Amino acid sequence: MLKINNLHVMVEDKLILKGIDLEINQGEIHAIMGPNGSGKSTLAKVMAGHPKYQITEGSIEFFDGQEYINLMDLEIHERAKAGIFLGFQYPTEIPGISNLGFLRESVNNVWKAQGKKLLGKDDFIDFLRPMMATLNMKELFLDRSINEGFSGGEKKKNEILQLMVLDPKLAILDETDSGLDIDAMKVVAEGINRFKKPGNATILITHYQRLLDHIIPDFIHVLGDGKIIRSGTKDLAFELELKGYHETGSVR
Amino acid sequence: MTYSSPLMNHLSHAISHREPMYMDNTPLFQLKKKILPLLQMSTFPSIKDEFFRYSKIQETDFDNLDFNPPPIRDTASTLLSNQFSGYFKYQIIFVNGELSLEQTMLPKELELKKIIDEDEALEVFASLDQSNFFGLMNILYTSNIYKLTIPKDFKSSEIISTVHITTGDFKQHLATPCLFIKAKENSYTNFFSLYHYAGIGPHYYVTNSALYLDLENGAVVDFSKLQMESKLCLHISTIQASLKENSILNTQLISLGGHHSRENQKIHLLGQNARVNLYGLYDLKDDMQTDHYVEVVHQHQQTYSHQIFKGILRDQSHGVFTGKVLITKDAKHSVSTQLNKNIILGDAALMTSRPQLMIDTDDVKCTHGATTGQLDPEQLFYLNTRGIEKDQAKKMLYHAFAREIIEASPCGKIKQILNNFILNDQATIPWDLNYTNRCQHGIFSFT
Chain D
1 MLKINNLHVM
11 VEDKLILKGI
21 DLEINQGEIH
31 AIMGPNGSGK
41 STLAKVMAGH
51 PKYQITEGSI
61 EFFDGQEYIN
71 LMDLEIHERA
81 KAGIFLGFQY
91 PTEIPGISNL
101 GFLRESVNNV
111 WKAQGKKLLG
121 KDDFIDFLRP
131 MMATLNMKEL
141 FLDRSINEGF
151 SGGEKKKNEI
161 LQLMVLDPKL
171 AILDETDSGL
181 DIDAMKVVAE
191 GINRFKKPGN
201 ATILITHYQR
211 LLDHIIPDFI
221 HVLGDGKIIR
231 SGTKDLAFEL
241 ELKGYHETGS
251 VR
Chain F
1 MTYSSPLMNH
11 LSHAISHREP
21 MYMDNTPLFQ
31 LKKKILPLLQ
41 MSTFPSIKDE
51 FFRYSKIQET
61 DFDNLDFNPP
71 PIRDTASTLL
81 SNQFSGYFKY
91 QIIFVNGELS
101 LEQTMLPKEL
111 ELKKIIDEDE
121 ALEVFASLDQ
131 SNFFGLMNIL
141 YTSNIYKLTI
151 PKDFKSSEII
161 STVHITTGDF
171 KQHLATPCLF
181 IKAKENSYTN
191 FFSLYHYAGI
201 GPHYYVTNSA
211 LYLDLENGAV
221 VDFSKLQMES
231 KLCLHISTIQ
241 ASLKENSILN
251 TQLISLGGHH
261 SRENQKIHLL
271 GQNARVNLYG
281 LYDLKDDMQT
291 DHYVEVVHQH
301 QQTYSHQIFK
311 GILRDQSHGV
321 FTGKVLITKD
331 AKHSVSTQLN
341 KNIILGDAAL
351 MTSRPQLMID
361 TDDVKCTHGA
371 TTGQLDPEQL
381 FYLNTRGIEK
391 DQAKKMLYHA
401 FAREIIEASP
411 CGKIKQILNN
421 FILNDQATIP
431 WDLNYTNRCQ
441 HGIFSFT
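Residue numbers (my numbering), protein chains in the order written: chain D, 1 to 252; chain F, 1 to 447.
Think of the hints as simulated: they come from the structure by calculation, not from any bench. A quick note: this is a predicted structure, and the numbers were derived from the prediction, not measured. Quick reminder that beta carbons are idealized off the backbone N, C-alpha and C, glycines included. There may be inaccurate statements among the hints.
Calculated cross-link-like contacts (lysine-lysine; reagent style DSSO-like; alpha-carbon spacing at most 30 Å) [unchecked claim]: (1) K332/F / K182/F; (2) K81/D / K394/F; (3) K332/F / K117/D.
Computed list of chain D residues with no C-beta within reach of chain F, every gap over 12 Å [what the hints assert, rightly or not]: (4) T92; (5) M137; (6) E148; (7) R230; (8) G232.
Chain F with its partners taken away, still in its complex shape:
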């Protein structure tokens, strides 16, 4: 079986005929030539594949794409990124999947560059998960791979935002931003990634983004992502990370938009005391689907993973959580915890929760749990008896449920943004910030 489709035909043609878009970057082109056969030999993931069993993403979703994206105009994207720059000092801006260098601003110690070197391209190839169909597709379609290097001992509490803006004229197109982040020894960085649709009416497009993280000894990365794509969009994301000794990665993925979305996370814990904390929240309505597929591989003794994913499912929405933890024979004394909790609100809403533990050694601690239920009627009654109307009380309870995930961010600004979106159900970004009310005790107030 081979994968053949309009997209594949386009890629084959572009790469085989070496279209001008690749002329300026030979190593990337060579990399694509290596990857193309891998994708051609693959089959598009389907419900027959265990890892894709409940996904609603189909091969036909890619059939009617227009492979000639519109030129980027300085309209909504500039406006949005300008507003954004007033909020976060440092930003990496992608518009329709393409890096906007002129709008990007980073601390002087950090280096962001295209991968144009042959060795670097080989390094990319070596770190690719060749079984990740969408990861391969991302590299093949992207016009550039970017590498951000965080120097040794760099530490900053300033957030680095990566903003992915999709403009209103990006209809039936495919965006494939690709970023490699190398966090060198003992560095600390805090990323906030936003996927935002800046058009007026919703329309169909596909985002297939990839983020590769390489954490050297003692590096710490906090990564928060807020996905607020168009409600008709297909959003696919790959986060792949390798963690060396004493490094820590905290991810926080919040899915509020997109029609169908797939969040792949694959984490390799390679060194002693490497630790990953994965948090996720999906708040779905209508017939949205969010499919979190998490794979953590403990490859060294004394490594730690912790997962909490929570979902609020309204209407006919569908949430999927697959949490796969593999503890290899070399990973003695490792600890892994996993929890998936969901509130079902719609009569036709559905949750599929799949904890999967594979343990190949002794002397490890692993826990997992999954709950799916409705709002507690006694909690609702309690709030009602205090004069709080049912709708407001429900809102308070949703927020209370989500708070554990919001609080996972170490950053007040990020928590504030998430609070705004999740509590107030805002469709636009409150850049004028009117800061969310917080009581003087640092805990969110509802009034």
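Extracted from the complex, chain D is given alone in its bound form:
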């Protein structure tokens, strides 16, 4: 589904990613771990197409259901329509736009591009209700402006709601566990687990092993200084949790 080859990325004249190679297949969950500044969020944002991040070398190829396409050829909104979703580490607050208006606009754009039938306003709210129930979100939330005045937990739930609603092929979740208490963590993890299907894939970016208590990844990669320096299965997360990145030799 996704092939990253020798990816080099620069931000404001500083090379952050220095040759990432990664292949992800349908149905897989990959966790990417690593210390602060190792390039995890850069990898997430470059896949979504953030204009500040410049690819200087390498490629990202994405299977759109028919063929592999070069992600760099797509605009940001086209990537979303092709089935890529970025769950933000710090979801942006946008005062003045209601969550409902935003969700509907987003879904209509993506579904229209995917040839799906659009829902009327009331049907759309009915469509949202079970997903919001899974995430313990009250309907009043739809009235509020996007992420404005939300607690850390509410913001992350909002990201997972968007994930569930848009149902992408590839979800890139950037530190979705940060700022969550134990209960909220379980709720968010439940949302991510429900999202998992044989036809999609997830990249979980996290600092800690605790999210992986609730979501079992198929592979774990450790990022250090802009490269993947170790890969393994879920046991690697336990090792990292016990010994830290330095002692495990993950970071030099």
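Got chain D; can you put chain F on it based on the hints?
Positioned in the frame of chain D, the structure of chain F alone reads:
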């Protein structure tokens, strides 16, 4: 220095020679005779004047005016006002600055009449701001001053619309509608004022309108204005209000049209607990300029003023906001807040923001702030990652920015009209209303 120009010559001639147009209204004529020397002794405001420092309005804008307006024909204006009557029950229609009585409809309790009484003319003179050059010009040129009286305890949620229509044949002319509104004790009225150009191709004309509001104890007035003049027009507006005890005035001025426009607001807070809330939005493109000049004078203790003005500046447009608050020595325990926020979109667009606080007493609360910047790229990125194209995302962000001002109106219908114009960039009025989509939660939906 005296003010002399083709317009001044015309006025001097008309008033000195007492042309027939004034024959039927002697008190107005006497009033004009009193005002004429005041204007003659003035100089046309220029950038040397502090209050006019950034205005692009020039004396020469009045040089080539034609002082013989065309007769009003029942064409576009009637069509438009008929469409309008289906939307708002009550309306006061001005066509090319002249009241169209036959198209005007008001609740039976309200009285609208020409000022033909000497005492009333004196009252007008007493309430005039003699330093307001354009206010004086308005009175001198207008063919009639109208007074609307809202009786004591009158309360209606029905909107009273004041529609100012300019027809396509009103080229190089000057419109000077003048309205005095007296809101008597404990009354409530909600006005929606529309300035609309009904011609096909844009052309030059000048609107110099004046609205005087007198709010007695406990009176509440909501006043929304949507200015959609021709893109070549010069629009000058004076709103002057005095508020007595416990009265509240809410104004909401939306400027979307005109080449150069000047919005003067002068508010006197005269009684305890008098409160004014002033909201403004300007969405400018090309080389448009909108210049908001606000002056609030707190003249009594425990008076309150609140201002929020927002601007979206595209292309080479120029926005000016001057918010002057004067808290006199008698106005202890007063509160004044002021905020001016702007989004600059054009490389050559410019914003001039001037908060001015003058406080002559202790124990008051005053805040002011001004921000000018670009669209937040992270907000744009966030919307893009959700499949929303850049242009649509920008539109959503402009609307989100403007929403605080739109929401200031207590009236759903007005909000709906403003939403239509601001979100959909409509050039014509959607009278067939196809209501703007609103979700069942009462918040605007973009789809």
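Do the alpha carbons of K332/F and K117/D lie within 30 Å of each other, as the hint requires? Violated, at roughly 62 Å.
Holds or violated: are the alpha carbons of K81/D and K394/F at most 30 Å from each other? holds, 18 Å
R230/D clear of chain F by more than 12 Å, beta carbon to beta carbon? R230/D clear of chain F: closest Cβ-Cβ about 29 Å, beyond 12 Å.
Would you say G232/D is clear of chain F, with no C-beta pair closer than or equal to 12 Å? holds, 30 Å
Interface exclusion of M137/D relative to chain F, criterion Cβ beyond 12 Å: Nearest chain F Cβ is 14 Å from M137/D, so the label holds.
Test the statement that E148/D is away from the interface with chain F: the closest C-beta pair must be farther apart than 12 Å. About 10 Å separates E148/D from the closest Cβ of chain F, which leaves it inside 12 Å; violated.
Is K332/F within 30 Å of K182/F, Cα to Cα? Roughly 27 Å separates the two Cα atoms, so the pair holds.
With d taken as the least Cβ-Cβ distance between T92/D and chain F, does d exceed 12 Å? violated, 4 Å
Hint check: violations occur at hints 3, 4, 6; the rest are consistent with the structure.
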